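> Chains as they are written, first to last, in numbering that gives the first Met the number 0: chain A, 0 to 226; chain B, 0 to 226.
Please note: incorrect hints may appear among the correct ones.
If several chains are the same, the list does not tell them apart, and a pair holds so long as it fits within one copy or across any two.
What the hints assert, rightly or not - For lysine to aspartate or glutamate, the following DMTMM-like pairs were computed, each having C-alpha atoms within a straight-line distance of at most 25 angstroms:
#, residue 1, residue 2
1, Lys30, Glu122
2, Lys37, Asp145
3, Lys30, Asp206
4, Lys37, Glu122
5, Lys214, Glu183
6, Lys30, Glu88
7, Lys30, Glu107
8, Lys214, Asp69
Worth flagging that the hints you see were computed from the coordinates, not collected in a lab.
In this text the structure is predicted, and so the values were computed from the model without any measurement.
Each chain, written out:
There are 2 protein chains.
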Amino acid sequence: MARAPHSSRRSRPPCPPSALTGPLEWRYATKRFDPDRKIDPAIRSALERALVLSPSPSGLQPWRFVVIGDAGVRERLRAVSWNQPQITEASHLVVFAARTGLTPADVERHVQHTAAVRSVPVESLAGLRTMIGGFVEQLRAAGRLDAWCDRQAYLALGTFLTSATLLGIDACPMEGIDPAAYDEILSLPAQGYHTLCVAAAGHRSPDDACAGLAKVRFPVEEVITRV
Amino acid sequence: MARAPHSSRRSRPPCPPSALTGPLEWRYATKRFDPDRKIDPAIRSALERALVLSPSPSGLQPWRFVVIGDAGVRERLRAVSWNQPQITEASHLVVFAARTGLTPADVERHVQHTAAVRSVPVESLAGLRTMIGGFVEQLRAAGRLDAWCDRQAYLALGTFLTSATLLGIDACPMEGIDPAAYDEILSLPAQGYHTLCVAAAGHRSPDDACAGLAKVRFPVEEVITRV
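So here's chain A without its partners, still in its complex pose (with noise of 0.2 angstroms):
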């Protein structure tokens, strides 16, 4: 279970500014995606990791992701999806869900692996265990602890569709989706979580229309104010 502690230095220089730039003004919410170009296996592996390695509130991770890959689910989850052909033409299909009710077991579970993962004792992280568990518990008293899991599992959408742009991977962030209809399908609530999302990617259709527009952002002086 342990791994080697992540290194302080970096195996190679960052990207230049204009690396990240370029690709982040070269992505758009996809509409048609290639059914027949699929995402190399290393680059799907680089998604996944990127969805796993997503920062969280003192790493709890409160949610799950679900990669449906089967052609029948996709079916039936594009009927509760207004149609829309992005869920069975992508190469990639992520779920986006988040914990339901979270449990001081579920906080329990995070300290128990944080010692294994670090190798100390347990005992030696009462103090997280009570910081967390208090701010949790606070969450919950104040009936606010579903929505804040939930924009946990935004943060990692956010970590995705990021990370799939710079990949050079196409990708659609959707809401418009029935998730009580998808939470049925994936039998998620059995397993404590609730369908938040959907992110399709994979690699732009020549055909999408949408690819030529321009891109609609308000000047940034309105979204970006200094202090």
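Based on the hints, put chain B in the right spot on chain A.
Leaving out everything else, chain B in the frame of chain A:
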């Protein structure tokens, strides 16, 4: 106002998978920044551009990012952030805020702006207006509109953290703050926004003991389900 359509061709090859996962393994929630190492201006610009380019549903951008440069304001914010040193030591500090009570006027502003950027008659976007407006009113009726905007700001946080990591910038997402006190200090409610969280960014201090800790993530099979 009009901008050139984004290119459907990339000007450079995508980054190889290890150039994504290497930096993601390298990152951690930085507790101590080197107060003397500032972020290079070109990198700072790229990070802000990444925020502007972060995806949002139908492009609504229901957020505001507040970049705190003023040392006095940083001190006041630190006092309502459990005195965490990142608030004053990091080179760059961004407050992530979301729209409160998104209005039909916000939708209209976006539709008008889209028409201007894409040089199309606003009448041609009637369908877009109806679609977005209907979705927003559904969320409002269900009492879920603010929570929905909040999620989108977390997607932008994911964009920011991943972008920083790729650019070799250390960052720390922070929820351990008093959002109401932030709102007051930054006068956000009067502008129609509310504070969610903060991201500090810069370069890690050589003294940050957390840099050497092993990264803790559940095994991939507990995080990703395959169907």
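> Confirm or reject each hint.
Going down the list of hints, with the structure as the test:
{"no.": "1", "hint": "Lys30 with Glu122", "result": "between (51 angstroms within a copy, 23 angstroms between copies)"}
{"no.": "2", "hint": "Lys37 with Asp145", "result": "neither (35 angstroms within a copy, 37 angstroms between copies)"}
{"no.": "3", "hint": "Lys30 with Asp206", "result": "within (10 angstroms within a copy, 47 angstroms between copies)"}
{"no.": "4", "hint": "Lys37 with Glu122", "result": "neither (47 angstroms within a copy, 38 angstroms between copies)"}
{"no.": "5", "hint": "Lys214 with Glu183", "result": "neither (36 angstroms within a copy, 34 angstroms between copies)"}
{"no.": "6", "hint": "Lys30 with Glu88", "result": "within (10 angstroms within a copy, 43 angstroms between copies)"}
{"no.": "7", "hint": "Lys30 with Glu107", "result": "between (42 angstroms within a copy, 23 angstroms between copies)"}
{"no.": "8", "hint": "Lys214 with Asp69", "result": "neither (33 angstroms within a copy, 32 angstroms between copies)"}
Consistency with the previously given hints fails for numbers 2, 4, 5 and 8, ordered from lowest to highest.
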